[in-house]
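Those sequence lines, one after another, are chains A and B. First residue of the first sequence? That's 1 in this note's numbering, and the numbers climb one at a time after it. First residue of the second sequence? That's 1 in this note's numbering, and the numbers climb one at a time after it.
If you are wondering where the hints come from, they were derived from the structure by calculation, not from laboratory data. Possibly wrong hints are sitting among the right ones.
Since the list gives no way to pick one copy over another, a pair counts as held whenever it fits inside one copy or between any two copies.
Derived SDA-like pairs (lysine to any residue); straight-line CA-CA distance at most 25 Å [said to hold, decoys possible]:
| id | residue 1 | residue 2 |
| --- | --- | --- |
| 1 | Lys83 | Asp330 |
| 2 | Lys83 | Gly373 |
| 3 | Lys24 | Thr3 |
| 4 | Lys162 | Glu277 |
| 5 | Lys138 | Asp338 |
| 6 | Lys274 | Glu390 |
| 7 | Lys103 | Lys361 |
| 8 | Lys165 | Val340 |
| 9 | Lys91 | Asn255 |
| 10 | Lys83 | Gly345 |
| 11 | Lys166 | Gly345 |
| 12 | Lys331 | Gly65 |
| 13 | Lys331 | Gly82 |
| 14 | Lys287 | Thr325 |
| 15 | Lys27 | Gln95 |
| 16 | Lys165 | Thr325 |
Number of protein chains: 2
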Amino acid sequence: MNTSKKSITDIEGVFASGIHCGVKSDKKDLAYIYVPDAVSCAGVFTQNKVVAPSVVHDRKALKSGVIKAAIINSGNANTGLGKSGADNTKKMAQQTADLLGLKTMQVAVSSTGIIGVPLPFEAIESGITSILADPKQKDGQGAAEAILTTDLCTKQVYKEAKIGKKIIQIAGMTKGSGMIAPNMATTLGYLATNANIPQQQLQDALNAAIDMSYNMSSVDTDTSTSDTVLCWATGQHNVNVRNKTEWEAFQTLLNEVCIEMAKLVVRDGEGATKLIEVTINGAPTVKEARAIAKSVIDSPLVKTAIYGNDPNWGRLLMAAGKPDTRLNPDKLSVFIGDHVLYQDGDAVEFDHEAIVAVLKKDPVNITFELNIGSATATAWGCDLTERYIEINTDYN
Amino acid sequence: MNTSKKSITDIEGVFASGIHCGVKSDKKDLAYIYVPDAVSCAGVFTQNKVVAPSVVHDRKALKSGVIKAAIINSGNANTGLGKSGADNTKKMAQQTADLLGLKTMQVAVSSTGIIGVPLPFEAIESGITSILADPKQKDGQGAAEAILTTDLCTKQVYKEAKIGKKIIQIAGMTKGSGMIAPNMATTLGYLATNANIPQQQLQDALNAAIDMSYNMSSVDTDTSTSDTVLCWATGQHNVNVRNKTEWEAFQTLLNEVCIEMAKLVVRDGEGATKLIEVTINGAPTVKEARAIAKSVIDSPLVKTAIYGNDPNWGRLLMAAGKPDTRLNPDKLSVFIGDHVLYQDGDAVEFDHEAIVAVLKKDPVNITFELNIGSATATAWGCDLTERYIEINTDYN
């Protein structure tokens with residue numbers, strides 16, 4: 001599970017770059033994405049009740065037509081700052097629109113980083129002028145660097161599939177390391193495809209993909225006020241949205257890209273040493289399977305046990321039993337990797353050293369067989385370590 | 001907020017003691033409580049779907065009449081062990097009942113500690129014989145020690161109030177340090193009062209008190225499979241349950257005792273250095289106030305910021321905005337101690353050093369004024385430190 005060497009600018013007609021403008025002390029902190037001929041753009045946003053003015057702006061922009069560009073700063077979330085914050089978001093959109101010959105509402109804005117600290121707007125203003133001097137740059141890697149905050153690495157995914165007679169490509173970049181919670185569109189993510197998909201269908205496809213990827217991943221149960229995922233379609237190749245085979249192939253490709261992006265985010269979770277994948281099988285409904293998977297992935301006692309390579313299946317049972325779902329402990333079986341630790345409601349003799357060896361690998365796969373239905377769900381998370389505490393007690 | 005020197009055996013007619021029987025390596029691990037003339041006994045249990053057989057037994061016992069005694073072991077939760085676990089619970093109840101001249105269903109059983117490890121039943125069996133050689137011991141302190149697991153201190157609360165013409169006493173002991181979550185009856189707790197309260201009214205009063213105390217406290221969002229709170233009434237002094245003043249006075253006294261017990265639990269949260277008290281004012285409904293208070297108290301990013309003495313009010317906003325409640329960021333104000341950091345939707349200049357000084361004290365009080373209603377709620381939690389990780393990566 002490594003970041004791709006390909007980036008969103010490997011999609012024809014997608015331009016992007018990233019620079020250092022001065023929000024952060026030295027790293028890249030300003031990116032743009034420009035898709036002049038986009039036929040559609042879909043978006044999903046945080047469900048937090050406290051949102052950045054950029055999210056307010058982007059929601060409006062999404063409703064008013066096809067978004068053609070995004071301007072993104074990292075290092076400062078421009079949130080909790082009253083009218084001045086909203087004014088700065090609007091100015092970022094206006095300036096970008098002017099330089100690209102677009103309307104303000106065709107430009108999305110994202111700001112990610114610390115909340116409540118005034119945005120150094122002059123640095124951003126001159127940065128926008130500088131980065132858009134040439135609006136047709138193909139530096140997706142630079143953009144992927146510039147959107148990061150506490151991330152340790154860039155996060156890019158590229159996949160392609162033959163749909164109909166054409167190679168359909170989807171490329172994405174994302175960021176996020178802390179304040180990552182399930183049940184929402186978390187973090188920032190930007191995707192582009194060369195497919196020709198109308199606005200509503202692209203939105204439906206993105207909603208479905210986010211629901212089984214970002215919404216099933218968690219670092220720390222906290223939810224950013226800036227979370228945004230945008231997906232552009234350049235329209236180069238037709239995908240027949242009325243042809244079930246073609247449409248399902250596109251949805252599958254988008255799901256795969258979003259799942260890879262979400263996994264890159266949780267694997268780089270603050271302080272994490274490994275990815276944890278929890279699969280629930282045999283649930284009465286998908287909703288219940290999802291709730292149990294998320295409960296396990298969110299449990300601090302599960303996360304610390306896995307960090308400690310401790311096959312403490314008691315904590316797995318505890319975490320599975322927390323949500324308000326159907327669950328019959330007498331029918332339950334629990335696996336770490338291929339090893340069963342608990343079967344049909346009773347402890348099983350297991351090879352402790354063999355399971356410790358599985359726990360020491362990355363990723364760790366945990367499976368629950370509920371045996372009370374046929375629905376399934378998978379969630380992704382990471383372990384919880386002293387380093388998470390260190391990073392977050394001294395964030396400033 | 002210190003543990004009381006008085007214990008449940010300071011209530012006339014309540015007997016208890018604690019010994020080391022051999023579940024743990026050296027500390028006390030077996031306690032009994034015996035209230036031979038109890039007029040009523042109320043109980044509240046975990047809402048986890050995976051429960052210890054002791055919880056199954058106690059729920060049945062509660063329905064079948066007045067519980068007169070409890071036998072409690074720490075160091076082993078006797079959970080996840082199939083039929084052998086259920087058999088051991090039943091044998092513990094039977095043996096205790098035989099020695100006290102009670103029926104099996106008049107004896108509650110609690111087992112707390114590691115899940116999935118077979119109970120060393122012979123040690124418990126000889127321990128029960130030994131501890132009940134004299135069933136009328138007044139060693140509440142010993143019992144309070146014997147119910148502990150990772151706790152660093154005993155947790156006892158005693159309060160009294162003049163209700164009608166009599167001094168009504170309530171004493172309680174509790175345990176718990178990790179796997180402490182809101183929205184359930186968490187941990188173990190045992191209370192006794194000298195009041196004369198019928199079974200149903202005592203149950204109603206306990207439900208209400210738990211709802212605003214244990215159910216509003218959280219160490220780590222995890223929920224034990226053994227959680228149990230029992231409350232006995234000895235019947236010494238009448239409380240007129242039909243007299244509104246007397247009944248409210250009793251309910252208030254019980255609430256105060258339960259809140260103190262819950263605060264003792266979270267203050268001793270695994271690795272915690274301080275208690276955090278979060279109050280939500282001006283919410284549209286109590287339900288929404290509770291949801292926001294619990295979201296803030298549960299947020300790892302809030303907990304680590306407070307551990308780091310960092311007045312990061314952005315994280316407070318983020319955590320308040322997470323639950324699905326009404327919240328208008330433009331009307332919101334946030335206080336740490338008496339200092340306002342965010343007012344009517346905008347950042348406020350504040351004295352950074354003064355607030356760091358407040359954060360360095362124990363407890364830390366955080367208040368949100370929502371200004372969109374008149375409902376209020378308070379929740380209690382603790383900070384999140386490296387020590388929590390250390391304790392829980394190496395629990396065995």
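Each hint, compared with the structure:
1. Lys83 to Asp330: between (57 Å within a copy, 10 Å between copies)
2. Lys83 to Gly373: between (52 Å within a copy, 24 Å between copies)
3. Lys24 to Thr3: within (23 Å within a copy, 48 Å between copies)
4. Lys162 to Glu277: neither (29 Å within a copy, 57 Å between copies)
5. Lys138 to Asp338: For Lys138 and Asp338, neither the intra-copy (44 Å) nor the inter-copy (52 Å) Cα distance is at most 25 Å.
6. Lys274 to Glu390: both (17 Å within a copy, 17 Å between copies)
7. Lys103 to Lys361: Answer is neither: 50 Å inside a copy and 52 Å across each miss the 25 Å cutoff.
8. Lys165 to Val340: For Lys165 and Val340, the Cα distance exceeds 25 Å both inside one copy (45 Å) and across copies (62 Å).
9. Lys91 to Asn255: neither (34 Å within a copy, 53 Å between copies)
10. Lys83 to Gly345: between (57 Å within a copy, 9 Å between copies)
11. Lys166 to Gly345: Classified as neither: same-chain Cα gap 51 Å, cross-chain 51 Å, threshold 25 Å.
12. Lys331 to Gly65: Neither. Shortest intra-copy (52 Å) and inter-copy (31 Å) distances fail the 25 Å Cα cut-off.
13. Lys331 to Gly82: between (53 Å within a copy, 11 Å between copies)
14. Lys287 to Thr325: both (9 Å within a copy, 21 Å between copies)
15. Lys27 to Gln95: Intra 23 Å, inter 69 Å, cutoff 25 Å: intra-copy only.
16. Lys165 to Thr325: neither (45 Å within a copy, 48 Å between copies)
Going through the hint list in order, the structure does not satisfy hints 4, 5, 7, 8, 9, 11, 12 and 16.
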